[in-house]
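Participant: Sequence:
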Amino acid sequence: MLLTNQRLDKLLASRVDFQARGMLSGSCLAPNALPTRGTMLPDEVRNVVLSQNDRNDHQASTNDPFADIHDQGPTEGPKVLSSVSLARCHVRKIPKTFQRLATLYHLPSLPILSSRFVYEQLHPNTEDISLVPLAELPSLSDCRVRVFPSAVATFFAPSDPCGIGGMHHERIRATPLWRNEYPRYDCVFVMTGLESGIHGMHVARVRLFFSFIYQRSTYPCAFVDWFISSDTQPDPETGMWIVEPEVDDNGHNMNSVIHVDTILRSAHLIPVYGNITLPAGFHFSDSLDAFSEYYINRYADHRTFE
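Read in order, the letters of the sequence shown are residues 1 to 306 in the UniProt record's numbering.
Hints may contain errors.
Said to hold, decoys possible - Pairwise CB distance ranges (calculated): (1) Ala13 x Ser230: 25 to 33 Å; (2) Thr277 x Thr126: 42 to 50 Å; (3) Ala280 x Asp9: 13 to 21 Å; (4) Gln6 x Ile228: 48 to 56 Å; (5) His252 x Ser230: 16 to 24 Å; (6) Ala20 x Thr218: 23 to 31 Å.
Hints were generated in silico from the structure; no laboratory data involved. Built from N, CA and C at the ideal position, the CB exists for glycine as well.
Based on the sequences and whatever the hints tell you, model everything.
Facilitator: What follows is the structure, encoded as structure tokens:
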């Protein structure tokens with residue numbers, strides 16, 4: 001006990017000395033963060049990240065118990081703010097049209113939402129895309145669609161320096177059969193405004209990653225279910241924001257087709273369990289469907305906390 005107290009006193013004295021010298025002012029990571037402003041992810045870095053992570057998709061299909069061990073980690077390359085790219089390999093032996101994919105994946109609104117997405121891309125000043133008549137929406141019936149099991153988010157992690165340039169990557173999955181056992185549809189932060197922090201983002205759950213070509217332009221997209229904040233302030237007891245699934249008047253989830261460039265990174269949600277005991281056979285893969293409210297877990301890692 002005496003030795004512990006001595007060491008604590010020395011640490012306190014060191015802090016006072018460092019503070020007097022100005023050594024604790026600012027962040028040691030600030031100089032590293034400055035070069036990332038306004039930069040984009042070079043193609044060669046994106047290719048390295050994708051090639052490294054696409055191998056994990058192949059391993060997962062073989063039911064390798066260690067397949068997802070490298071789903072996230074350091075990435076070599078220059079500092080960039082954020083970038084999301086679809087997996088290099090698409091899902092094979094499935095339909096290639098929107099109508100048939102909507103039936104296969106039980107997403108009946110996929111064709112119409114994809115048409116609205118393209119219209120919004122071609123007319124970015126449209127105030128409310130839902131008010132555009134169906135007859136004015138582009139027809140995508142002739143488009144060949146490719147579905148992807150995952151996407152890779154690459155970003156600079158200022159509070160968790162890793163790799164050569166402090167870059168980090170993580171894989172976001174959306175597949176109806178993960179490792180031949182259960183569905184996995186990850187949640188993400190989507191940039192929807194210019195405000196800082198959570199005020200400029202929404203949480204969404206990815207149901208499908210896909211891409212298609214329309215008028216010689218390739219559109220990498222995600223079909224998502226939206227979550228909305230339950231309050232204007234974080235929960236006072238946990239300090240975490242609470243969100244709930246956004247539903248329409250009929251109780252159906254509100255969904256959209258978004259560009260993958262609007263995705264920042266993955267989000268981790270924890271159910272607000274309440275006082276009800278879970279059934280004995282409850283499976284964790286049903287968690288995002290079984291509860292009415294969820295915490296945005298800001299303690300999942302350093303990057304989410306900041």
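Participant: For each hint, tell me whether it holds in the structure or not.
Facilitator: Here is how each hint holds up against the structure:
no.: 1; hint: Ala13 x Ser230: 25 to 33 Å; result: violated, 46 Å
no.: 2; hint: Thr277 x Thr126: 42 to 50 Å; result: holds, 48 Å
no.: 3; hint: Ala280 x Asp9: 13 to 21 Å; result: violated, 53 Å
no.: 4; hint: Gln6 x Ile228: 48 to 56 Å; result: holds, 53 Å
no.: 5; hint: His252 x Ser230: 16 to 24 Å; result: holds, 19 Å
no.: 6; hint: Ala20 x Thr218: 23 to 31 Å; result: violated, 58 Å
Violated hints for the displayed structure, listed by number in ascending order: 1, 3, 6.
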